[in-house]
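Chain by chain, the residues run as shown.
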Amino acid sequence: GESVGLHLPTLSVQEGDNSIINCAYSNSASDYFIWYKQESGKGPQFIIDIRSNMDKRQGQRVTVLLNKTVKHLSLQIAATQPGDSAVYFCAERLNNAGNMLTFGGGTRLMVKP
Amino acid sequence: DAGITQSPRHKVTETGTPVTLRCHQTENHRYMYWYRQDPGHGLRLIHYSYGVKDTDKGEVSDGYSVSRSKTEDFLLTLESATSSQTSVYFCAIRQGPEAFFGQGTRLTVV
Chain X
1 GESVGLHLPT LSVQEGDNSI INCAYSNSAS DYFIWYKQES GKGPQFIIDI
51 RSNMDKRQGQ RVTVLLNKTV KHLSLQIAAT QPGDSAVYFC AERLNNAGNM
101 LTFGGGTRLM VKP
Chain R
1001 DAGITQSPRH KVTETGTPVT LRCHQTENHR YMYWYRQDPG HGLRLIHYSY
1051 GVKDTDKGEV SDGYSVSRSK TEDFLLTLES ATSSQTSVYF CAIRQGPEAF
1101 FGQGTRLTVV
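Just so you know, the protein sequences line up as chains X and R, in that order.
For the first sequence, the numbering used here gives the first residue as 1, with consecutive numbering after it.
For the second sequence, the numbering used here gives the first residue as 1001, with consecutive numbering after it.
Source of the hints: derived by calculation from the structure; they are not laboratory data.
Each residue gets a CB set at the ideal place from its N, CA and C atoms; glycine is no exception.
Incorrect hints may have been included.
Interface residues of chain X toward chain R, partial, derived using beta-carbon atoms under 8 Å [what the hints assert, rightly or not]:
1) Tyr25
2) Ile34
3) Lys42
4) Gly43
5) Phe46
6) Asp49
7) Ala78
8) Phe89
9) Met100
10) Leu101
11) Phe103
12) Gly104
13) Gly105
14) Gly106
All chains, please: the whole structure from these sequences, using the hints.
Right, here's the structure in full:
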């Protein structure tokens, strides 16, 4: 797999603490949002999604919050583990013919043991 | 990995030469996408396809062309590679509302 050495905002957390990663999206017409995790040397992997008619969705150890008023998305990871260390991207989808995803710049999460 | 294979995985090529990257999928997905990933830009859409012989441009399509002559293969071509096209290229398919990505191809244009 491949990855790039991105010059990214970095969030450093202690193992066991909760992590919050934030994302500002651009288009108020976007109807669907996804968080992806990209580990070194791999392609992005789906974590959790949320539709625009919701403001919160929970998964296993992860929660996504959507604030459409300020076009803000956040990913909360509970009890962060070393395996959570990766780059995290939010993506928004415009409900158009291609259902294309537009990605944010990413945040690097580093978990200290 | 949703049955996505990218080839080659690494390539070094000279400026001005043509390059074709291949994305192969085994699950008969209709939608396929090519993205590039660069420092400071995240993932940007180059081209996408919504069926055999049906393609459209994405955000950064200049200098790239694509072809989809059969469902399983989506080809990305750089007609005359430039140094600005040095990047990591990801293919993706759409399954429901989600996109699943291949492992990527690192292309270096020297």
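Verification of the hints:
The restraint placing Tyr25 (chain X) at the interface with chain R is violated, with a minimum CB-CB distance near 12 Å, outside the 8 Å limit. Interface hint at Ile34 (chain X): satisfied, since its Cβ lies 7 Å from the closest Cβ of chain R, which is below the 8 Å cut-off. With a least beta-carbon distance of about 7 Å to chain R, the hint placing Lys42 (chain X) at the interface is held under the 8 Å criterion. At its closest, the beta carbon of Gly43 (chain X) sits 3 Å from a beta carbon of chain R; the interface hint therefore holds under the 8 Å criterion.
A least Cβ separation of about 5 Å between Phe46 (chain X) and chain R falls short of the 8 Å threshold, and the interface hint therefore holds. Evaluation of the Asp49 (chain X) hint against chain R yields a held restraint, the C-beta minimum of about 7 Å falling below 8 Å. The interface hint given for Ala78 (chain X) is broken, as the beta carbon of that residue sits about 22 Å from the closest beta carbon of chain R, more than 8 Å. Because the closest C-beta pair between Phe89 (chain X) and chain R is about 6 Å apart, less than 8 Å, the hint holds.
Because the beta carbon of Met100 (chain X) sits about 6 Å from the nearest beta carbon in chain R, less than 8 Å, this interface hint is met. Checking Leu101 (chain X) against chain R: minimum C-beta separation of about 6 Å stays under 8 Å; hint holds. Nearest Cβ of chain R to the Cβ of Phe103 (chain X): about 4 Å, under the 8 Å cut. The hint holds. Satisfaction of the interface hint for Gly104 (chain X) is found here, the shortest Cβ-Cβ separation to chain R being roughly 6 Å, below the 8 Å cut-off.
Because the beta carbon of Gly105 (chain X) sits about 5 Å from the nearest beta carbon in chain R, less than 8 Å, this interface hint is met. A hinted interface residue such as Gly106 (chain X) counts as satisfied when its beta carbon comes closer than 8 Å to some beta carbon of chain R; here the least separation is about 5 Å, so the hint holds.
The earlier numbered hints that this structure contradicts are 1 and 7.
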